[in-house]
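So the sequence lines, in the order shown, correspond to chains A and L.
In terms of this note's numbering, the first sequence is residues 1 to 315.
In terms of this note's numbering, the second sequence is residues 1 to 114.
Don't read these hints as lab results, they were simulated from the structure.
Keep in mind that the hints are not guaranteed to be accurate.
What the hints assert, rightly or not - Between beta-carbon pairs, the in silico distance windows are: (1) D171(A) <-> G57(L): 50 to 60 Å; (2) A266(A) <-> L98(L): 28 to 38 Å; (3) V269(A) <-> L98(L): 44 to 54 Å; (4) V74(L) <-> R21(A): 24 to 34 Å; (5) S92(A) <-> V74(L): 48 to 58 Å; (6) L40(A) <-> L98(L): 41 to 51 Å; (7) L98(L) <-> A98(A): 12 to 22 Å; (8) R88(L) <-> L13(A): 18 to 28 Å.
Stated by the list, open to error - If you want a taste of the chain L side facing chain A, the calculated C-beta under 7 Å gives, among others: (9) I10; (10) L17; (11) I38; (12) K52; (13) G53; (14) L89; (15) E92; (16) R95.
Don't be surprised by glycine CBs; every beta carbon is placed ideally from N, CA and C.
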Amino acid sequence: MSVLLALDIGLALLVFAVAARTVFARGAFEAVVDYVAYGLLLSIVWVRLFAVDVALTEAAIGGGVTGVLLVGAAARLRGAETVAAEESPSASLRVVAACLCLLVTAVLAGVVLLLPYPGPTLAPESARHLAETGLGNPVTAVLIAYRGIDTMLEKVVLVLAVVGVWSLAPDRFWGGAPGEARAAQPEPTLAFLAQVLPPIGILVGVHVFWAGADEPGGAFQGGAILAAMWMILMMARLTEAPPISALWLRLLLVAGPVVFLAAGVAGAVIAGGFFAYPPGLAKPLILFIETFMTLTIAVTLPILVAGPPRREPVE
Amino acid sequence: MISATQAGLIGAALVGLGLYGLITNPQPLRKILAFNLIGSGVFLMFGIIARKGAAAGFPADPVPQAMVITGIVVAFAASALAIALVLRLYEETGRVTLRPDAWTKPPSDGAGSE
Numbered sequence: 001m002s003v004l005l006a007l008d009i010g011l012a013l014l015v016f017a018v019a020a021r022t023v024f025a026r027g028a029f030e031a032v033v034d035y036v037a038y039g040l041l042l043s044i045v046w047v048r049l050f051a052v053d054v055a056l057t058e059a060a061i062g063g064g065v066t067g068v069l070l071v072g073a074a075a076r077l078r079g080a081e082t083v084a085a086e087e088s089p090s091a092s093l094r095v096v097a098a099c100l101c102l103l104v105t106a107v108l109a110g111v112v113l114l115l116p117y118p119g120p121t122l123a124p125e126s127a128r129h130l131a132e133t134g135l136g137n138p139v140t141a142v143l144i145a146y147r148g149i150d151t152m153l154e155k156v157v158l159v160l161a162v163v164g165v166w167s168l169a170p171d172r173f174w175g176g177a178p179g180e181a182r183a184a185q186p187e188p189t190l191a192f193l194a195q196v197l198p199p200i201g202i203l204v205g206v207h208v209f210w211a212g213a214d215e216p217g218g219a220f221q222g223g224a225i226l227a228a229m230w231m232i233l234m235m236a237r238l239t240e241a242p243p244i245s246a247l248w249l250r251l252l253l254v255a256g257p258v259v260f261l262a263a264g265v266a267g268a269v270i271a272g273g274f275f276a277y278p279p280g281l282a283k284p285l286i287l288f289i290e291t292f293m294t295l296t297i298a299v300t301l302p303i304l305v306a307g308p309p310r311r312e313p314v315e
Numbered sequence: 001m002i003s004a005t006q007a008g009l010i011g012a013a014l015v016g017l018g019l020y021g022l023i024t025n026p027q028p029l030r031k032i033l034a035f036n037l038i039g040s041g042v043f044l045m046f047g048i049i050a051r052k053g054a055a056a057g058f059p060a061d062p063v064p065q066a067m068v069i070t071g072i073v074v075a076f077a078a079s080a081l082a083i084a085l086v087l088r089l090y091e092e093t094g095r096v097t098l099r100p101d102a103w104t105k106p107p108s109d110g111a112g113s114e
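Looking at chain A on its own, in the form it has when it is part of the complex:
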């Protein structure tokens, strides 16, 4: 126990130190690299909180996919750094800001220390109905069954984000393909990795999705791994980002929320409640919905990273 405690304290200090580097690093690029390391360390903290589903999501999306997005942005914005450096706030503003932030942290820390144990919980409720869903993983049950509408709306948020990013394209590029978020000449190592990794990665991604019914994992985590495989292929120039007018792309982007919403409406007719599942059919239905959600996530994340179209459509 004392060894674990020492490890916990070390981990906490490390997370805080890397987060501080993210804020205080000189260059934006360094800050971004620190942020990726921070995301991975944070996922270990989540494992220590016995939230393995969250740890997988944090590692895949919080660290990995966000990292690719930020590294690409930092590389493009390199020219803007020197101009912005002249706008640094004065020392007095920094002191005031530091005091404010210390106050916020102190209040939050007080709340954390005053939290009751055992706290209010919905765990018994979710355990009671777990058998009806046919699932073994309570987190998946919350995501797809108990609070299905939240998850469906979250998919809608992803679609809205894609619409927002695409709408930033200049008029002449509308319908074209996003520019390349990669070096002009791919590294030989990267090309090799992009040929070796995807078959394994796709297998792992599909397994994480499938196992998510009973073990930690699920549509988010599996979809994010599949997304990473597509992103590696695009980075190594083995494939191009598709033009945003491609019908298959648009269908995949909306497949998750559409299937989920259709199942929810069907539940209102068949099972007597919006987003209710008919007894006995719950698990196949949940897996059916999750399949489309995994596909949508696997497509949406790389499309968001690729950004708005930068090339004129080829007619």
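Fit chain L to the given chain A structure using the hints.
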């Protein structure tokens, strides 16, 4: 439970740290990073609430965990949109600044004066 309380305290520290970065860092990209730090701090505080709700044989309450998973994905979507906006601003104007007076003055004037 010690490690849970500790994670909650890191969460509190991360929120403060992120808030400081958000206020004092003039670059929009660094502000987006800082905002993500605040977000992950809030998520960690959810984590301690989940852990303290351990019951019925589960090591942590699944409901806050599911909310955090949803939150991480939404945070990514928001970051992607924010970064797309910053990049478009840079492509249009050749600079990235959030100063309110930057767009009323010519660029040569706005860069040097404090």
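Each hint tested on the structure:
1. D171(A) <-> G57(L): 50 to 60 Å: holds, 58 Å
2. A266(A) <-> L98(L): 28 to 38 Å: violated, 47 Å
3. V269(A) <-> L98(L): 44 to 54 Å: holds, 50 Å
4. V74(L) <-> R21(A): 24 to 34 Å: holds, 26 Å
5. S92(A) <-> V74(L): 48 to 58 Å: violated, 36 Å
6. L40(A) <-> L98(L): 41 to 51 Å: At 30 Å between Cβs, range violated.
7. L98(L) <-> A98(A): 12 to 22 Å: With Cβ atoms ~20 Å apart, the hint holds.
8. R88(L) <-> L13(A): 18 to 28 Å: violated, 39 Å
9. I10: holds, 5 Å
10. L17: Holds, about 6 Å.
11. I38: Violated: closest Cβ of chain A sits about 10 Å from I38(L), beyond 7 Å.
12. K52: At about 4 Å, which falls below the 7 Å cut-off, the nearest Cβ of chain A leaves the hint on K52(L) intact, so it holds.
13. G53: Constraint on G53(L) satisfied, holds at 3 Å.
14. L89: violated, 9 Å
15. E92: Check failed: Cβ of E92(L) comes no nearer than 9 Å to chain A, outside 7 Å.
16. R95: holds, 5 Å
Hint violations for this structure: numbers 2, 5, 6, 8, 11, 14 and 15, all remaining hints satisfied.
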